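*Asks:* The chain contents come next:
Protein chains: 2
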Amino acid sequence: MNKLLGILDVQYPIIQGGMGNISNAILTSAVSEAGGLGTIGAGTMTPEEVESIIIETKNRTNKSFALNVALTVSPYPREMLQLAIKYKLKAVSLSAGNPSPYIGKLKEHGIKVLTVVASCKQAKKAENAGADIVVAEGYEAAGINSNLETTTFVLIPQIVDSVRIPVIAAGGIGDGRGLVAAMALGASGVQIGTRLIATSDSPFHLHYKTKIVDSKDDETIIVGRSVGRIRRVLKTPYSQYLLSKEEEGITLEQFNELTTEEKHILGAIKGNLNSGFINSGQIAGLISDLPTVKQLFQNMIKEGKNVITDIKNNLH
Amino acid sequence: MNKLLGILDVQYPIIQGGMGNISNAILTSAVSEAGGLGTIGAGTMTPEEVESIIIETKNRTNKSFALNVALTVSPYPREMLQLAIKYKLKAVSLSAGNPSPYIGKLKEHGIKVLTVVASCKQAKKAENAGADIVVAEGYEAAGINSNLETTTFVLIPQIVDSVRIPVIAAGGIGDGRGLVAAMALGASGVQIGTRLIATSDSPFHLHYKTKIVDSKDDETIIVGRSVGRIRRVLKTPYSQYLLSKEEEGITLEQFNELTTEEKHILGAIKGNLNSGFINSGQIAGLISDLPTVKQLFQNMIKEGKNVITDIKNNLH
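Going down the list, the sequences are from chains A and B. Each residue of the first sequence is one higher than the one before, starting from 9 at the first, in the numbering used here. Each residue of the second sequence is one higher than the one before, starting from 9 at the first, in the numbering used here.
The set of hints was computed from the structure by calculation and includes no laboratory data. Treat the hints loosely; a few may be bogus.
Pairs involving identical chains hold if they fit within one copy or between any two copies, as the list cannot separate such chains.
Subject to a maximum C-alpha distance of 20 angstroms in a straight line, what follows is the list of computed DMTMM-like cross-link-like pairs (lysine to aspartate or glutamate) [unchecked claim]:
| id | residue 1 | residue 2 |
| --- | --- | --- |
| 1 | K313 | D169 |
| 2 | K133 | E255 |
| 3 | K129 | E227 |
| 4 | K217 | E270 |
| 5 | K320 | E269 |
| 6 | K243 | E41 |
| 7 | K66 | E269 |
| 8 | K132 | E87 |
| 9 | K302 | E59 |
| 10 | K133 | D226 |
| 11 | K310 | E261 |
| 12 | K133 | E227 |
| 13 | K253 | E269 |
| 14 | K271 | E254 |
| 15 | K71 | E265 |
| 16 | K217 | E261 |
These numbers come from a predicted model, not from an experiment.
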């Protein structure tokens, strides 16, 4: 029995990635309704904005869902956690910052705490601080990532060996093969993001979804490296403009100006790929359709079961 | 039945990575004797040097082994392939360059051709040129790598979907979990390098082996990015010196001067970590012992079988 299912009260060991700022009740509720754990990513949104998404999600589903708070990104981390307590959310995932000061309070209220980590050191720290689950995110993942650049394939088994709490694999997962591979490496489940954007349920701009479906294996790029920030985005006119600005030489402050959340919303929600960016994991190249979230999960589980049979026949 | 085993005449679906220049008959024969496919990496060695390693390997084992030729690295690619034909080697792996002009001749002589690729485009090109197998190498791998930086987790399924010939996964594999994960992603087998260096059979300097065993998850670094070259090495005084020179600004020519094969041999064979470098994959952090190659393979297969049972119990 997969212990993750019991902890998170879900049918499938699949959770939604944070998607700060572009989060919405439609996709979050679709993920939870389909048997996974939907997640609202607070990003830099105000408590009022997030509260309204929580209320709308509760109107759309009776199932559990989570709130992701990127601690050093949100201007209101404490208020976000108060919202999770107020609305008795099943789980909160904490990323981009030290989760230790927040974990105790959430657990007092019966909220499960997931912490997003990119190294064994961070994972052990989270476990020691009382986290229930660690989400280990590899270099292939979409959006802001760790400068360590450790990939999912090597990160998962090392984190599994470092902690006793369940580990969820994030970064690079798009189908049943990825689900089983993550489990083979020791993960109890997977977190997916890019694959969920490319669904018929997701309310992102069609330019964003189409770009994921059309992209080949070499079409995500890293921007921000020259200023010590790693962000994985799709190759678009705007991301190539960012790279050219980096080539000329820009400061972290200038880079931040060019990658504000407004620029993110401009790309992902407004579909303007000349003046806004769109996050994407390297898995984009594998994605070629826009199923409903429910179809996606059912296909992943079905394919996953077939994969297990195939490997048994292949490994003597 | 795993078709790879028949093609390569091996007991286990595990092959040795190239290891140009530091290759030797001892490790190559140990891998083949243990049931995998040993490989001699020609690197920049002369035909005479490689011939003597082939002869010594044949004296040590009656089992099949392969020769790896990095086409744009070796000053003698044609001579190397002549050696493979002369000594009736089972297989040749071609990397770092266009394999198309060489595949036909090798196949005429009954030699199986593996091509090392890092993108779907390269994989399809190799298949069309007649390759028997593609080795798909992810960003986590040791040594010189592709600027595309596509990781093993996402590269394998995309390549598997692009070609009909068997795919071997390379980069990030160190135990039975990695073996099964690679197979879950669609690979027929795995290529390993760093894990083989850290064996009691391998004749590399103890400083090299110890450094792998002692390293944590954040101790491989990329050098050469500033000049358009990606090489994954372990964090040592010399690699940190390389990074500092890149920070100051150096040309590709200067970088090449600092990373000649003499510098490689100085680190890996002589164990001088102040004046030579040592390649390593990100998997180094997972490695904590120096088994024989035979023990390693037996453990990988045994662990792999247990992993399959565990996933079956975890995926409902």
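*Asks:* Decide, hint by hint, whether the structure agrees.
*Replies:* So, going through the hints one by one against the coordinates:
no., hint, verdict
1, K313 to D169, "between (25 angstroms within a copy, 18 angstroms between copies)"
2, K133 to E255, "neither (37 angstroms within a copy, 32 angstroms between copies)"
3, K129 to E227, "between (31 angstroms within a copy, 13 angstroms between copies)"
4, K217 to E270, "within (19 angstroms within a copy, 49 angstroms between copies)"
5, K320 to E269, "neither (46 angstroms within a copy, 42 angstroms between copies)"
6, K243 to E41, "neither (32 angstroms within a copy, 47 angstroms between copies)"
7, K66 to E269, "neither (25 angstroms within a copy, 62 angstroms between copies)"
8, K132 to E87, "neither (26 angstroms within a copy, 52 angstroms between copies)"
9, K302 to E59, "neither (26 angstroms within a copy, 59 angstroms between copies)"
10, K133 to D226, "between (35 angstroms within a copy, 16 angstroms between copies)"
11, K310 to E261, "neither (47 angstroms within a copy, 52 angstroms between copies)"
12, K133 to E227, "between (35 angstroms within a copy, 19 angstroms between copies)"
13, K253 to E269, "within (18 angstroms within a copy, 36 angstroms between copies)"
14, K271 to E254, "within (17 angstroms within a copy, 32 angstroms between copies)"
15, K71 to E265, "neither (38 angstroms within a copy, 61 angstroms between copies)"
16, K217 to E261, "neither (30 angstroms within a copy, 42 angstroms between copies)"
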